[in-house]
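Student: Protein chains in written order, with my numbering: chain A, 2 to 311; chain B, 896 to 1201; chain C, -12 to 315.
Simulated from the structure, these hints should not be mistaken for lab results. Among these hints, one or two may not hold up.
Quick list of simulated restraints, FRET-style, between CB atoms [what the hints assert, rightly or not]:
id, chain 1, residue 1, chain 2, residue 2, range
1, A, Ser202, B, Leu1015, 31 to 37 Å
2, A, Pro32, B, Arg926, 48 to 54 Å
3, A, Ser202, B, Asn970, 58 to 64 Å
It should be emphasised that the depicted structure is a prediction, and the values quoted were computed from it without experimental measurement. Built from N, CA and C at the ideal position, the CB exists for glycine as well.
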Amino acid sequence: MLKYILSRLGQAVIVLLLATIVTFVLVNVAPGDPVITMLQKRADQAQIDRVRRELGLDKPLINQYFDFLTKAIRFDFGNSYSNRIPVMQLIKQAFPVTIKLGLWSLLFAAIFGITVGTLSAVFRGTLIDKFIMLLAIFQISAPAFWFAMMLQIFFGLHLKILPVSGMSHPLWMVLPVTVLGLRYGAMSARLIRTSMLDALSQDYVRTAKAKGVADILVVMKHVLKNASIPIMTMLGGMLRSMLSGAVVVERVFGIQGMGKLAIDAVMSRDINIIQATCLYSAFLFVIINLIVDLTYGLLDPRIRITGGAK
Amino acid sequence: MSIFNRRSQGKDLAERLGAREDELRASTLYRDAWIRLKKNKLALFAFAAIVVIVIIAIFAPLIAPYAPETQDLKNRNQGPSDAHLLGTDSLGRDLLSRIIHGSRVSLMVGIITECIAVPLGVLLGSIAGYYGGKIDAVISRIIETLSSFPFILFAMVLMYVFGTGLVAVFVALGIIGWIGLARLIRGQVIQLKEREFVEAARAAGASDLTIIFKHLIPNCLSTIIVVITLDIPDDIVYEATLSFIGLGVQPPMPSWGSMLAESMKYMRDNPGYAIYPGLALMFLVLMFNTLGDGLRDALDPKLKNL
Amino acid sequence: MAQEVLIQVKDLLTQFRLDDGLLTAVNGISFEIHKGETLGIVGESGCGKSVTALSLLNLIEPPGKVAGGEILCDGVNVLKMNKRELRSFRGNQIAMVFQEPMTSLNPVFTVGNQIDEVIRIHNRVSSHEARERTIELLRLVNIPLPEQRYGEYPHQLSGGMRQRVMIAMALACNPKLLICDEPTTALDVTVQAQVLKLINKLKRQMDMAIMLITHDLAVISSIADRVIIMYAGQIVEEAIEREIFTNPLHPYTEALLKSIPSLSKNTEELYMIKGMVPNLLQRHEGCLFAPRCEYAREICRSVEPSSCLVGNTKVLCHKYMDDWEVAP
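Chain A with its partners taken away, still in its complex shape:
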């Protein structure tokens, strides 16, 4: 198990290092001079050169990268180019909002997905199953931002019972969480259904029944623990794509989270914020992946004992 944990940690560090390179390269190959963008074309050449020196942009790229890396390790991403506020301060404001939205949506999606997916698997082939799966594929096919707009029109403008956008109303989270929760709940319901069906058709289920184990116990003990391995992987993936979905949903509902920060940064070509949001989310993803892999090890003795040779 220790060997497994160490090899996963090593991989995580490599991936994070590569992520800094990718981010740095992408931002630097982009056309346009960030200093000019920052000074908004009013400055003369001397001023531009001075700012460039201050920011270390006159050094060779490789030195710039190591500057960037050493600062990034200390979570220092410099100041925003457009309003000179430290980037970390902006992230500290935006991040909790996104995480709160993400976690509530995850809770919604997990409860919804596991209940509905298990129901569908147990009643496979019946009308209940077909109905659930039909709703799920509709939900998955509706783009998140459009579904969000439809909820705004219906609950905000038509029924006038929920706020359309902003974060001032006490119920501001209801619609965003519904959008994300339903979408990822539907996705997970489909996956949980197939993992459950897969586990249900295994020989050990027949063995358990032949031993006289009650049907409900067969599902809750033998099937769910086996199915939980793919479900766990899926939950990790879901949390990741949910953060992706949050970007657009924040935009629709006017929520001041990481998504809005990132969109504004790309729009105003504020490269320090772009780098920071990219690395911050990559960092988060790697952590989630690590947690998933470790849980995987806990759930599956084959990985725990043989050290993860899949």
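Got chain A; can you put chains B and C on it based on the hints?
Tutor: Frame of chain A, contents of chains B and C only:
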């Protein structure tokens, strides 16, 4: 007969036998798949619907009642009427015509993106799976790194690099699109390369490239077909999302995503503006997803976790 | 030998409703299992022997269904039991060992946990007592270091060891009948003999009946008392073990015996039964074996044979019916 000749003859024979085995397996696999697919009425309906949408997109100028850019400032944000079946937008342009023309962008994104993503994904995935070792480690770490960014954020940064517009969308989504396919193909190739027909080809002296292109990739074909069908709707939604944010297709070119972005401002007065382009988008995506599900069940039931 | 009947199967009919039609896997068979005997059931794959075994436990899952007949265990009809009765019946009165020990054991629980489970379902015992009993069972099936094996997972054991665990699990509640469905097919040849010997030893030690299902006549010859030969969902011959080998009556049994590769006879070619197993989705007329039978006459292809008794052997073949000599 020289030893050299004998060897090449043996190779030829083994390769012919290998190829014949592949062909036999393939022909029954695809026949069985077709029989299964024919029973799936929903998937057949989806396929027919996609064909109809493609025809509409090709003949959009003939089918659409108005030119998509014709403005009629006197009739802005009108509801449905006889003249404008779905009403008009904020510049008095006919919504139905813009939706019909918008299908071109969505379909083009789906097709061209996959044309970039599939060769990249298949090649890198099969190389990683076949060679293993260091090559695999490098490609796998790249895959992991790229998928550690939220896709939409990554796409936004790529748009920042390549600039906005349709071509930039193709490139950005193509660069993102190969990742998932490469991961799947890598896994399949790792399993396939242990199989007898690969051993046989190798024993007969076939080169690595021959094995990859003639034996491994053709055996992954059903996976590739399924993945393409299920990735196209994702590409379509990504494009709509990017255009919705304002980073994708730029006005006045009609794209469902940018129409929806524009409609946000008029949601109270003209809800139809927000509803209809989204319905079109959802319908197209739904049809691809349904067809993809059907193809997956028919071709490759192993992929049910996709 | 005591001829007291333990299980009585009457006209068992098990069918599967598939996409392409109704498949009759077991077609109205009747047989008995006596207390303490070993009954061998032999047939090719797909002849319905495993389905028969699962039917005995009422374990047929949709799209399959036991469509008719009775299965009496000590006079109680298994097919009429409610869920609670079935639960206390399965694993307790009749236990089963499956073909693939790897997939039949749950990979995410320790073997000890899986044996404990069956003990605790059927007996009111503490976890400590269950553990003691489990270790005793592991010792009984000749697993070395049972205390240590108790906490291990199936993937840590060898194939033969896993099958021993399956057997220990089946024996946990002293069943009256142990069904072994191809218990040695997935094992190495050397391990096969050990497992068979173990089953034979345990049978005598625990005084239970055994129903041994196999496609391999050689397996039967070493331990069965009586043998049933199945073909296409029907019992074609039922006899005591010695009779089957010395005096096979049904042409199919004869062919099966001929196709055992023999070391003593220096035959050039392996004997193969020509033709294919009939498609059980289609309706057939006459004897199901007729298309492959070298004795088949007109009557075999048109009239269904009925079971007749020749000596102590029951056989389903026109050859032994009264009108064979004059039949077309």
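Student: Hint by hint, say whether it matches the structure.
Tutor: Evaluation of the provided hints:
| no. | hint | in the structure |
| --- | --- | --- |
| 1 | A/Ser202 <-> B/Leu1015: 31 to 37 Å | holds (36 Å) |
| 2 | A/Pro32 <-> B/Arg926: 48 to 54 Å | holds (52 Å) |
| 3 | A/Ser202 <-> B/Asn970: 58 to 64 Å | holds (60 Å) |
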